[in-house]
Amino acid sequence: MGNALRFRDDTAHEEPAVTLDAFLGQTNATAVRLESDEDARKLIPQLGQLALIEVAFPKFRDGRGYSAARILREAGYTGELRAAGDVLVDQIPYMRRCGFDSFAPEADIDTDALERALSRYEHVYQKAADGRSPVWALRHG
Amino acid sequence: MYKYDEFDQSIVDTRVAEFRDQVARRLAGEISEDQFKPLRLMNGLYLQLHAYMLRVAVPYGTLSSRQMRMLAHIARKYDRDYGHFTTRQNIQYNWIKLEDAPDILADLASVEMHAIQTSGNCIRNTTSDQFAGAAADEVTDPRPWAELLRQWSTFHPEFSYLPRKFKIAIVAAEEDRAAIKLHDIGLQLYNNDAGELGFRVFVGGGMGRTPMVAPVIREFLPTGDFLSYLEACLRVYNRYGRRDNIYKARIKILVHELGAAEYARQVEEEWAHVKTLGLDPPPGEFERIAAQFALPAFETGIADTVDRSDPDFAVWLDQNVKAHKQPGYAIVNISLKPVGGIPGDASSAQIDLMADLAETYSFDELRVTHAQNIVLPHVKKADLYTIWQKLVAADLASANLDLISDIIACPGLDYCSLANARSIPVAQKIAKRFEGLDRQRDLGELKLKISGCINACGHHHAGHIGILGVDRKGTENYQLLLGGSGAEDASLGRITGPGFDEDGVVDAIERAIEKYRTLRTDGERFLDTYRRVGMDPFKEAIYG
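For the protein sequence lines, the chains are V and H, in the order given. So the first sequence is numbered by the working numbering: it starts at 1 and just counts up by one. So the second sequence is numbered by the working numbering: it starts at 142 and just counts up by one.
These aren't lab readings, by the way, just hints derived from the structure by calculation. Among the hints, a few may not be true.
Below, a list of computed lysine-lysine pairs in the BS3-like style, where the Cα atoms sit at most 27 Å apart [as the list claims (entries may be wrong)]:
| no. | chain 1 | residue 1 | chain 2 | residue 2 |
| --- | --- | --- | --- | --- |
| 1 | H | Lys144 | H | Lys218 |
| 2 | H | Lys466 | H | Lys522 |
| 3 | H | Lys416 | V | Lys42 |
| 4 | V | Lys59 | H | Lys308 |
| 5 | H | Lys306 | V | Lys59 |
| 6 | H | Lys306 | H | Lys178 |
| 7 | V | Lys59 | H | Lys178 |
| 8 | H | Lys308 | H | Lys416 |
Chain V residues, not near chain H, derived (Cβ > 10 Å throughout) [stated by the list, open to error]:
| no. | residue |
| --- | --- |
| 9 | Arg8 |
| 10 | Ala56 |
| 11 | Gly85 |
Ideal Cβ positions, reconstructed from N, Cα and C, are used throughout, including at glycine.
All chains should be modelled from the sequences, with the hints used to inform the complete structure.
What follows is the structure, encoded as structure tokens:
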């Protein structure tokens with residue numbers, strides 16, 4: 001495992017994440033892990049009880065987790081949303097825009113490179129899950 | 142033409158800095174080639190057989206003279222003095238050094254250009270009608286919508302690691318000059334019965350090893366829902382497109398496996414949710430963009446006739462010049478298909494010359510076509526003869542637009558690491574065989590397209606005559622297809638039978654064409670005759 005990264009002020013959630021099947025079958029879990037081929041919308045009825053959702057990235061090329069994250073944020077989830085697995089420095093800015101606020105990369109992330117990557121773009125073209133105003137909104141503010 | 146504002150410029154400049162950082166990390170060995178690959182690919186940089194290839198985006202095929210000159214400058218300074226215009230209205234450079242790539246991007250950014258998302262599994266450069274803004278038959282200029290798409294798709298955080306690449310094309314006329322039904326998403330702007338402008342949305346077309354003509358997913362999409370609806374189309378694809386097999390990962394397979402109706406239902410369901418997120422820009426943003434595509438200041442009351450007394454000029458005029466919507470003006474097509482040349486290639490000097498012509502005679506504007514030619518969209522008829530003379534002097538006056546020697550060909554095994562066979566020498570041999578312009582003109586419109594492998598970059602499925610190069614036990618073999626079309630009457634070509642060697646396929650084409658000449662009725666194109674009589678007579682002529 002690489003260095004965990006967290007962009008939240010609350011304390012880290014300690015309860016181990018259960019599988020989606022296990023979560024749907026029991027009522028008291030507060031952390032769940034979503035595999036890349038699992039439907040994030042299945043969590044929506046019970047989002048209120050969750051403090052951590054971990055989304056798996058088995059390969060960095062597998063981009064399903066970006067949609068999963070947005071769907072969860074669009075449904076009002078405010079807990080920790082963690083990208084876990086093949087998470088690389090150049091993917092994290094996109095992940096942040098989709099609503100991820102914590103990362104469990106398989107390999108160490110160069111934190112200097114990450115800081116540069118995250119602060120690089122002053123402007124974005126589209127609305128996403130991070131609350132940034134797209135340039136069309138700035139143009140017509 | 143669209144002009145960057147401070148926001149656009151800031152994003153493109155930042156991309157240059159970002160890529161410079163990524164290249165530096167790669168050159169320092171901090172990231173592996175495997176990790177670097179998706180980063181460089183997202184920026185149009187491929188590792189080919191002999192060198193890096195850089196693909197530069199020409200959004201919806203529109204260029205200013207200044208931008209065109211920069212393309213020549215790059216060819217001269219960083220490459221071998223030429224560039225290759227592609228079927229996606231882009232330009233490629235074949236001999237790039239990795240360490241030069243950041244400087245090239247900086248040069249491009251200085252003229253409001255980039256190479257963003259010209260490759261990779263993301264939303265690629267949007268293509269459009271090369272006659273947009275000039276065509277007599279369009280309902281509106283599609284390019285402002287294409288520019289909205291460019292901005293929406295640039296660094297889209299959710300759709301940058303799709304199952305596979307994603308190509309969108311947009312037109313606004315009944316005649317489809319952008320092959321929209323062979324794209325992942327094809328958009329046709331039209332006015333409905335109530336007189337409202339909207340889009341007919343086609344999803345799931347494509348070529349490659351499983352070619353498909355896209356079905357209509359939505360008959361009429363109001364313009365105000367444009368981007369949110371596309372967001373829904375892409376989200377369904379990103380979530381459910383296949384990732385287990387690269388050859389089944391394009392959206393056409395998802396649409397085919399689900400069925401168009403079920404895919405459309407899922408999109409509508411997703412869109413009902415997405416529409417609530419406020420993703421569509423306000424009308425004022427479209428108006429801001431559209432204002433920059435206002436018609437140029439055409440002169441009125443000028444001569445609408447042309448002196449045809451020079452017979453060679455008259456041939457070029459009839460073949461390469463098209464009707465403009467403004468009286469007294471015409472659309473000039475510059476063929477990049479001289480006999481013996483490489484389809485789509487132009488030297489730095491030729492690129493500069495075309496830029497000069499555009500500046501002097503075409504309101505500073507050029508277009509790249511998906512057939513790998515160049516267009517001067519707004520030319521005064523009174524200037525046509527002068528322009529033609531200058532084109533003749535630069536070896537750019539081939540009067541073969543849409544004729545058999547106006548061949549689309551991929552780079553093939555001469556450059557491409559994916560290719561199984563060479564495309565360029567076959568194109569050259571066919572052009573040579575049918576060299577006489579009288580013969581070509583007698584055959585009429587005949588779209589011949591060559592791909593050097595199953596990926597179909599040369600659009601062989603959509604050729605009236607298509608050629609697919611394959612590797613058969615270590616030797617190059619060419620399959621022949623008949624009956625494809627990338628136009629509004631889109632269809633997929635069928636393989637005639639066993640393949641041929643390089644010379645054999647040229648002979649086979651000649652036999653098929655001679656058969657067409659005996660079968661055709663007045664005014665019938667090769668494609669029309671094929672559709673009327675079917676494959677059998679051609680098969681007999683070819684294999685007899």
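Against the structure, the hints come out as follows:
Restraint check for Lys144(H) and Lys218(H): satisfied, since their Cα atoms lie roughly 26 Å apart, inside the 27 Å limit. Of the pairs offered as hints, the one joining Lys466(H) and Lys522(H) holds, with about 12 Å between alpha carbons and a cut-off of 27 Å not exceeded. Of the pairs offered as hints, the one joining Lys416(H) and Lys42(V) holds, with about 21 Å between alpha carbons and a cut-off of 27 Å not exceeded. Straight-line distance between C-alpha atoms of Lys59(V) and Lys308(H) comes to about 23 Å, which keeps the hinted pair within the 27 Å bound.
Simply put, Lys306(H) and Lys59(V) have alpha-carbon atoms about 17 Å apart, close enough for the 27 Å limit, and the pair holds. As the CA atoms of Lys306(H) and Lys178(H) are separated by approximately 14 Å, the hinted pair is consistent with the 27 Å bound. The straight-line distance between the Cα atoms of Lys59(V) and Lys178(H) is roughly 14 Å, inside the 27 Å bound, and the hint therefore holds. Restraint check for Lys308(H) and Lys416(H): satisfied, since their Cα atoms lie roughly 23 Å apart, inside the 27 Å limit.
With a least CB separation of 19 Å from chain H, Arg8(V) remains clear of the 10 Å interface cut-off, as annotated. The claim that Ala56(V) is not at the interface with chain H holds, since no C-beta of that chain comes within 10 Å of its own (minimum 13 Å). At the 10 Å boundary, the C-beta of Gly85(V) stays outside the reach of chain H, the nearest C-beta of that chain being 13 Å off.
Hint compliance for this structure: no hint is broken.
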